[in-house]
Amino acid sequence: MAEASAPAPASGESHPLSSFGVELEFVVAVKDRDKFFNVPRRWRTATSQPINVPPREERHALGLTIEHFIEGPLAATIQSAANAHRGDRVAADTEDIESYHLYDYVDWVVKEDISVFIDGAEFGDDQDAKKYYWKDVEVTSPVLYATDKSFAEVHHVVQALQDNYWIVTPKSSGLHVHYGRGKEWIPFRDLRKIAAFLYAADPTLAQMHPAERLNVRTISMHCPSNSLYSSISHGSSERLAREHLGNNTVEAPPDPLNMGAVSRLPLTRNSRKQRGEGLTTLFQRGTLEGYIFNVHIFRQTQPEWLEGGPMTVTNPVPYTDRLPGSGPDEPVETLVGARELLSTINAPTISALMEAGLLSRSAYNFQAYNNDEYGRATSGKRTIEFRQAAGTVEPDEVVAHCKIACRLADFASSLSTAELYMMIVDLVECEEHPEWYDVFDLLYDLGLVKEALVIQRQIAQRRGIQIVGQSGGRNIFMPT
Numbered sequence: 010m011a012e013a014s015a016p017a018p019a020s021g022e023s024h025p026l027s028s029f030g031v032e033l034e035f036v037v038a039v040k041d042r043d044k045f046f047n048v049p050r051r052w053r054t055a056t057s058q059p060i061n062v063p064p065r066e067e068r069h070a071l072g073l074t075i076e077h078f079i080e081g082p083l084a085a086t087i088q089s090a091a092n093a094h095r096g097d098r099v100a101a102d103t104e105d106i107e108s109y110h111l112y113d114y115v116d117w118v119v120k121e122d123i124s125v126f127i128d129g130a131e132f133g134d135d136q137d138a139k140k141y142y143w144k145d146v147e148v149t150s151p152v153l154y155a156t157d158k159s160f161a162e163v164h165h166v167v168q169a170l171q172d173n174y175w176i177v178t179p180k181s182s183g184l185h186v187h188y189g190r191g192k193e194w195i196p197f198r199d200l201r202k203i204a205a206f207l208y209a210a211d212p213t214l215a216q217m218h219p220a221e222r223l224n225v226r227t228i229s230m231h232c233p234s235n236s237l238y239s240s241i242s243h244g245s246s247e248r249l250a251r252e253h254l255g256n257n258t259v260e261a262p263p264d265p266l267n268m269g270a271v272s273r274l275p276l277t278r279n280s281r282k283q284r285g286e287g288l289t290t291l292f293q294r295g296t297l298e299g300y301i302f303n304v305h306i307f308r309q310t311q312p313e314w315l316e317g318g319p320m321t322v323t324n325p326v327p328y329t330d331r332l333p334g335s336g337p338d339e340p341v342e343t344l345v346g347a348r349e350l351l352s353t354i355n356a357p358t359i360s361a362l363m364e365a366g367l368l369s370r371s372a373y374n375f376q377a378y379n380n381d382e383y384g385r386a387t388s389g390k391r392t393i394e395f396r397q398a399a400g401t402v403e404p405d406e407v408v409a410h411c412k413i414a415c416r417l418a419d420f421a422s423s424l425s426t427a428e429l430y431m432m433i434v435d436l437v438e439c440e441e442h443p444e445w446y447d448v449f450d451l452l453y454d455l456g457l458v459k460e461a462l463v464i465q466r467q468i469a470q471r472r473g474i475q476i477v478g479q480s481g482g483r484n485i486f487m488p489t
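Residue numbering for the sequence shown follows the working numbering, beginning at 10 and increasing consecutively.
FYI, nobody ran anything at the bench for these hints, they're computed from the structure.
Keep in mind the model is a prediction, meaning the values are calculated, not measured.
In this text, a Cβ means the ideal position worked out from N, Cα and C, and glycines have one as well.
Watch out, some of these pointers could steer you wrong.
To be verified - Ranges between beta-carbon positions, derived for each pair:
1) Gly81 - Gly473: 33 to 41 Å
2) His69 - Pro337: 50 to 58 Å
3) Glu441 - Thr289: 21 to 29 Å
4) Ile301 - Asp454: 23 to 31 Å
5) Thr296 - Asn267: 28 to 36 Å
6) Asp102 - Phe45: 41 to 49 Å
With the hints as constraints, model all of the structure from the sequences given.
As structure tokens, then:
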């Protein structure tokens, strides 16, 4: 039966209609069932197993692909875990007429993902691991309301995968979280505030993620920075974007801004030496890595409608007609771009401004709101996609990133434009002075203390440190 109404939000933090979905990317160990290999070092004490499939000749005789024998067991494991811990579904089933645009997101789905791959370096000198076939997999969740029950469902599903299979999340894998408002489009005024907030917070939020998700010379071509490589970073004004789209619809006029607002951080930085109650961090402010700007990628990401490329009939838009500070070799200042996003009057303009040229799907992806999809009754994804997190099958890490995405969007939506603009001014200041304020301070201010500790553990592990607990407000850790 269809859901009658949205349930209560998780822990009082989410908008009552906030929803999310998550995409997991990984590779899973596979072998022919008649072959016997040694157990790789990583799994010698584990109870999980590789997936055993029929030999090739038998598969061919049956007319079935290897994917059939891989996706089937994974789907059965997921379904069992989900059924035992069912969350609050936005679309309960395909009989829910009001949710027909979400029929592809009613339940968990397992499929291949050719963008995910593994190389021999992943296993070092463990020759046993290299004898197995490592199959690329993507698992997508149903659309879930952002409630404790829904986060618990995700946790149990991911735990079941980890308990039953040999899974690796190589550097090519990502964790994508979609944020939305149930069956509806995100209201434009909220969408505008979320876009401006994420654009300004992008350099700070980048501190959560590993270098391979930030360095656009490598795998993060799938999630380039909005603040460095988007259309707005190349100086496109909202007017230029609207002219390109041919869309002058006014969903809401801009709210007035206090253009003379000054950051509060210089006045408060001395009182922020301590993170806050319940959050003791291993890393000092200013020590977390962020983006490294790549001028060559910047030049390649300029959208054709600005540069007058071969697919257009227009001439390049001169820099004098773009936003102040525009140039061929560096992005506009973050505050300039955030102000411009707050001056937009319709959702497709936001989508165009947040795209990264030919790379298109940025770290914070607003493509569901583009000129072709926005407002269509049949459009399935009505979400903002958070693409930058690295792949993981640690249940608390997956849930933490889901909660962070939901809270970021809900927080921005909850502020008045004036309050949001002051927050943006502060974020711009800490971009210049990371020793004053970093991603842990931001997570603390959003009430995400538990999630901040999970993120800290991720960062520590990447640096070869294992955090094993906390005592008396201090971290207990040891080298890995």
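Verification of the hints:
Here the CB-CB span from Gly81 to Gly473 is close to 38 Å, well matched to the stated 33 to 41 Å. Hint check: His69 to Pro337, Cβ distance near 55 Å, so the stated range 50 to 58 Å holds. Roughly 26 Å separates the CB atoms of Glu441 and Thr289, a value that falls within the hinted 21 to 29 Å. Checked against the given bound of 23 to 31 Å, the beta carbons of Ile301 and Asp454, roughly 26 Å apart, stay inside it.
Taking the beta carbon of each, Thr296 and Asn267 are about 33 Å apart, inside 28 to 36 Å as hinted. For the pair Asp102 and Phe45, the beta carbons lie near 43 Å from each other, so the given range of 41 to 49 Å is met.
In summary, the structure agrees with every hint in the numbered list given earlier.
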